[in-house]
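Peer 1: Following the hints, complete the assembly by docking chain G onto the known chain V.
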Amino acid sequence: MNDSPLNRLQCDVAIVGGGPAGLAAAVTLKQQGIGTVIVFERESDAGGIPRHCGHPPFGLREFRTLLTGPQYAKRLVDAAMAANVDIRTSHTVAKMNPGAELLISAPKGLITVSADRVILATGVREQPRSARLVSGRRPLGILNTGALQSMIYLKGRTPFKRPVIVGSELVSFSALWTCCNAGIRPVAMIDDNPHVLARWPSRYFPALVGVPLHLQTKIVDIDGDRQVTGVTVQNASGHKENMSCDGVLFTGKFTPEASLARSGHLHMDTASGGPVIDQYGRCSDPVYFATGNVLRPVETAGWSWNEGRQCGQWVANDLGKSGQGSGDDILVTSEDPDIKYVMPQKITLADPFGGMANIQLRVTKRREGTLVVRAGDTVLFRQKLDAFPERRILVPLDKLQLTSDMAGAEINLAFEE
Amino acid sequence: MTSPTNIRLSADIFDVVVIGAGVVGCAIARRFTLEGARVAVIEKASDILDGASKANSAILHTGFDAPENSIELDCIRKGHAEYLDIYREMGLPLDRSGAYVVAWSDEECDRLDDILTQAHENGVTDARRIGAAELQRNEPQLSTQALAAVAVPGESLIDPWSAPYAYLGQALKNGAEIFLSAEITGGTFDSGIWQLETSRGGVSCRTVINCAGLYGDLVDERLIGRSKFTIKPRKGQFAVFDKAASELINAVILPVPTEITKGIVLCRTIFGNLLVGPTAEEQDSRAIAATDEETLQMLLGAAAEKIPALAQMPVTAIYAGLRPATEQKNYRIDVQNNQNLITVGGIRSTGLSAALGIARYVFSLYQQQGASHQEITDPDLPDMGMLADRCLRDWQQPDHGEIVCHCELVTKREIEKALNGPLAARSLAGLKRQTRVTMGRCQGFYCLARLSELTDGYFEQSLTVDPQS
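Quick mapping for you: the protein sequence lines, in order, are chains V and G.
Residue 417, in my numbering, is where the first sequence stops; the numbers in between run on with no holes.
Residue 1469, in my numbering, is where the second sequence stops; the numbers in between run on with no holes.
The set of hints was computed from the structure by calculation and includes no laboratory data.
Watch out, some of these pointers could steer you wrong.
[Said to hold, decoys possible] Cβ pair distances, simulated, as ranges: (1) K365/V - P1467/G: 34 to 42 Å; (2) T65/V - P1467/G: 29 to 37 Å; (3) D225/V - R1390/G: 32 to 40 Å; (4) S1143/G - K365/V: 26 to 34 Å; (5) S237/V - S1285/G: 28 to 36 Å; (6) S1143/G - N235/V: 36 to 44 Å; (7) T1230/G - N235/V: 34 to 42 Å; (8) Q1283/G - T65/V: 52 to 60 Å; (9) N235/V - E1089/G: 53 to 61 Å; (10) P56/V - Q1461/G: 31 to 39 Å; (11) A407/V - S1143/G: 34 to 42 Å; (12) P1467/G - N235/V: 48 to 56 Å; (13) D225/V - I1007/G: 20 to 28 Å; (14) P1467/G - P389/V: 52 to 60 Å.
[Unchecked claim] Below, a list of computed lysine to any residue pairs in the SDA-like style, where the Cα atoms sit at most 25 Å apart: (15) K1417/G - S90/V; (16) K1412/G - S90/V; (17) K240/V - E1293/G; (18) K240/V - D1284/G.
The beta-carbon is built from N, C-alpha and C at its ideal position, and this holds for glycine as well.
So that you can see chain V by itself, here it is in the shape it has in the complex (with noise of 0.2 Å):
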């Protein structure tokens, strides 16, 4: 169609994604006086997965005060109007291009947008059923938290009664909380743990709301033919039972929602499911930053909000620097199992050092011992730990006195017993 109204669009920066990090962002390149700050949100409002997490913890670190996910996100899209930047919901970013360009469509049509930089802000989601296939049939009944939540608070619409949740993270609690909120019973949470993966007092939560919890528990099959009836569980020792039910609740194993820098141009780390960044955010393609939750899976809004609001600032920075490309200087990697991602991928030796304060990591699985980070045969740092899967691991950049004479080394962290 020739008449189609494709439009341009120039801007100092362009923001990938309305959720807490692409915010403040935003908010902190206005608060440096760039001119133009434009937020490119897919969804009909602006505010990300807060939006649809109906009960507190929300915005201590923020804003000071315990606020719900959607008062949370309200008082991120303020704050960001407040400063002037121009949030375009019901954008979708379709394509990448190098030099910053975006493809983008909107309801009228499609813009193609010119930015000095991009911060790619997408966050990430929790795996479906496929990816972690789970054997069975396909009835109606199987969600994740973020569908069951956007279902019950965006919409006022409940997808199952008594669904059987599975996951023992912090959003399997969340989402636990959620049913509670909405009338909904489960049947029961399992999860082939062996422990509980988020922070000791959620353990307690099942059992006060009067849902059994079973540990080392899988799903080996779902049946039904429209909806759920029933899931088949096996526990660790091989004995198999059958709950009935009306849903399955897939929570948490979060992944980078990447696939946009995935299907362009930018290098992506497999380990973290997201782009391969330097410790200032700068993608492969320099003029391309990320931060927040795309990441890697999965922090909190707060810890996003912050990496968002420091980004922000080193991409103020940059500007007018003409995209310098980073050195590549350093890599950060890993070789051992039981690491499954190191971020950032790379450290950029500049003068003054700036950037992320830590490298962050996770573990795969439970591991008891000493976490060394080397370079060729030289011990930077080591820290005995007691690794949990699924909770934050923090190494500081400080401590590892990188100077400008490593430029070409690999760093490598790995446990040591």
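Peer 2: Showing chain G alone in chain V's frame:
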């Protein structure tokens, strides 16, 4: 439920009733309508393509490996040719990917010449043998374990759902009728007229064409008390990789087939994914197509062996389909003399490729029974949406309303269109086939809530439950 005994679905006496709206039934409805017959289609599900046709590998085959001198070969060749003739005007996609039958061992290499000879004998004259070097040049991501291949340039990728929707859609535009949620319960044939009974009421016609797929034998038994074959459902499981994986191959990667199955295929889909499958598992159920983790792990392992980069690719979707195999390998297309019944059975795995050809073949059988009609001269075309990744889609066009499903870029306008009209989606499964909504990597994480709102009142089984009930 009211007894449908005295309810008539239509006062008309149709020339032909097609039982079953799978890809074969849809193609037959189109062919007979275009030839001038008055056609009704009866389908027991609320949406079409609900049986064997809902899950396949979405390849338009050339017939290079079909049994020599078989009806199947003839139907695939004619079906393939007709698709190439009509796809543009019907608004359907075609991706001329080509295929390689790849040999991974010396034994398989030894069989390539036979495969090539058969391809040539089957009329696929552009098939040729290529060596490892050419294969690597054209498919650089393929494992270096690949030794040689037969290249079949005519194998193509199509949309397995929009094609039959277009066939039936064209039939309906030109006078055919469809009765959904109507299961055949029986029928009598008397004085040249069939009185068919369905769960929704009766319908009369002169000729019945049984295209009931997985239920083909049961429908024959309900109509004439016997069936010449027994359906032996054969399950095929598939895994779909994330869209980024579709960059890894160009052509369809076929294995050297065995007696039982064409084997595990790796191919892009027209929607921009990459799929691996199917398995071939005999089972009793005609309705249940469950996936299992162990088999899917095996498929993923096999895929990564052939394309090592797939080991790093996330899985988007998993599914299983059932093929209506019988106790014999060949198609079971039969005319019941003196009863005006044509049974089109055992279309076990090449139905999508052969459907248009089968329709022509069945019409020729029907003509041999003495029927004649006045062909429609300037038939109306169906109004198809385009879902193929490399074509112009609705999200790229102005005023689409909103993008509802972000992973598959499905617009509100597309959803609203699919929820209305004679083939309106009445289930999420039907809406998925018509629009691809929720079929992407997030599987509804982002859009299910919005979708439950947009589909309110349209589905037989709603996406939400009444919390009070």
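Peer 1: Any of the earlier hints contradicted here, and which numbers?
Peer 2: Per hint list: 12 and 14 violated.
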